[in-house]
Amino acid sequence: MTAHSIAGLIALNLFLLVVGAAVLFGLRGWESWGELIRLSGLAYMLGVAATGVTLVIELVAGLDFSLLSVLATGLALAVVSALAGHALGHSLPGRRSARGRLSLTAALFGALMIVYSEALFRSGRLAGLYEFDGWAFWVPKGKAIYFFGGLDRQFFEQLPGPSYPPLVPAFEATAFSFMGSADVVTLHLQFWFFFIGFVAAVIGLLSQRVPPILLWPPILLLAVAPQVVGHALLEEGDFILDEFFALAALLVGLWLVDHRPWQLAGMVLFSAAAMSSKREGYLLVACIGVAALVASSRQVRLMWPPLLLAITTAVALTLPWRVFLHVRHLSSGGAEAGGLGLFMHADRAWPSLRLATSATFDYDIWLIVAPLMLLAILGAAMAGATRPAAYASLVFALAISAFTWVTWAFPSLPITKEAALNPIVRLTGSLAFASTALIPPLLTSAWRGRGSGGIT
Amino acid sequence: MIAAARERFRVRGPSQAIVVIAVLATCVLVGVRYVKALSQLNDTASRNSALSFEDREIAGGNSIVVDQRAPYEARALIPPDSPYRVVVGSRLLDRTQLTEEFVTTWLTYFLMPRRPEPDADWVICYGCDSSTLGDHYEPVWQDREGISIGRSP
Chain A
5 MTAHSIAGLI ALNLFLLVVG AAVLFGLRGW ESWGELIRLS GLAYMLGVAA TGVTLVIELV
65 AGLDFSLLSV LATGLALAVV SALAGHALGH SLPGRRSARG RLSLTAALFG ALMIVYSEAL
125 FRSGRLAGLY EFDGWAFWVP KGKAIYFFGG LDRQFFEQLP GPSYPPLVPA FEATAFSFMG
185 SADVVTLHLQ FWFFFIGFVA AVIGLLSQRV PPILLWPPIL LLAVAPQVVG HALLEEGDFI
245 LDEFFALAAL LVGLWLVDHR PWQLAGMVLF SAAAMSSKRE GYLLVACIGV AALVASSRQV
305 RLMWPPLLLA ITTAVALTLP WRVFLHVRHL SSGGAEAGGL GLFMHADRAW PSLRLATSAT
365 FDYDIWLIVA PLMLLAILGA AMAGATRPAA YASLVFALAI SAFTWVTWAF PSLPITKEAA
425 LNPIVRLTGS LAFASTALIP PLLTSAWRGR GSGGIT
Chain B
37 MIAAARERFR VRGPSQAIVV IAVLATCVLV GVRYVKALSQ LNDTASRNSA LSFEDREIAG
97 GNSIVVDQRA PYEARALIPP DSPYRVVVGS RLLDRTQLTE EFVTTWLTYF LMPRRPEPDA
157 DWVICYGCDS STLGDHYEPV WQDREGISIG RSP
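If you read the protein sequences in the order shown, they are chains A and B.
Sequential numbering from 5 applies to the first sequence in this note's numbering.
Sequential numbering from 37 applies to the second sequence in this note's numbering.
No lab work stands behind these hints: they were computed from the structure.
All residues carry an ideal CB built from backbone N, CA and C; glycine is no exception.
Only true hints are included.
Computed beta-carbon distance windows for the label pairs:
(1) R358(A) with P154(B): 43 to 49 angstroms
(2) P154(B) with D368(A): 41 to 47 angstroms
(3) Q133(B) with R332(A): 30 to 36 angstroms
(4) D155(B) with V83(A): 46 to 52 angstroms
(5) H8(A) with Y108(B): 17 to 23 angstroms
(6) L92(A) with D117(B): 48 to 54 angstroms
Could you build all of it, start to finish, from the sequences and the hints given here?
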């Protein structure tokens, strides 16, 4: 809880930004330095995703974890990405300056966001670790990696949630290494960086294609939602999962219109990172995949092969962890009710659906994010942007189905929004974040109408 | 200029009406909730900064450990590379509803890198009957609540 720890975290996140910039160069390059600044949030989140997925694979492979190994990992990622970018013909732009114009709306909402970010930072700077899941297993796993240099057999088998993938503990251990101690108080700020990185990534991706008045309000709406204000900086895996999922969903939504390969490549990294953060990541990525496949079903030959390849690659990146669980004879974290158990608990289906829906639409949790998403989908559909509207509505419906399944398939979970008893509120965060990323382009389609070329 | 702006923002059709409704509703709600969110975040920051170092570091453990000195003494006495065990009993003078069930889990988190092991020499006796720890149990530290830390070789 010292300035030294904060300086360590700043160094870590600058490091992730540099790694992510190299990954961005490998994926798409940039036409001007102004464009790189605009996409710096995306670059940062790509750095987080790529580094996190690689750290998980290294831990599973038994490589010693240390500050040096993290630096070497980032350096290797940056070099490989730079070489890939060079091979793909990407080059650094000259010194010509980009002439970005900041609208009054963007300046006003941007200022509000900066003030909010400062307040969120202060709320986390001296926060204690109160949440049960945090001190019972998320942070102890991070400490175990930090102190013992890997997936210590005793702690990773005996602590609760042994099947949870270790991306978040790996980042907690990385943060401890950069801070120089297991400072669980200052660690909250690492989750501030993730949240701000997510917001910057969405703004960077959309600011050239969405008017500021349609871009900023939904983002600020999410930021001031009670669940975000109260829980965004928890030292757990839920919010980073939501952020990865939302960025993957947004990139797929953009790819359905633009067909740019780098968008799918980015989706691969964010999907793999989501699945490496929490088990629910698999369910959520399946929602994106199915929604995209159905939304592009009129162009099966053109769209499905790259989409299926992307999803397969993302899943493949998480296979080492699944193999690790199998080799160590640890629970894979499957449904409590088993394969056919759902039918034995059919009486839970309707209450589970009602719970999932009411948590998603609960004003005291997510304000009006979900109704706004439905309104945006309706507007886009009426304006003729059928593919984006179909994709977004399928993501929404499938995510609700997935949340329903979780309560239904785990009969020990009571039907309640009480966070200590049922994870439904935390689960719905993924849809709230994804909705926030998808609402601005949908509203833009609704405003510009059929001639706008869909989501743009 | 006014005419151009009016033309630009003129609502044409139901889809644009939906956009206007959505944006207006969102802006109004953001306006209302923004102030409340800032106030809540400021309150949280103030509450956090008013805490003592111990309250902040122990945090969730405050509803479990009964005596803040016990975990700090355990950290000071038990070497980082020595295992320990926690023996919980019913002889605590004071306790919370969570103490008996969660003190072992919380100490696992707090005392890392020390490892909990069933046969460790170092013992953290949380209201336990020390006679069950053997004749050689020597408390190095104890408080009036019924917590002691010692070795039972």
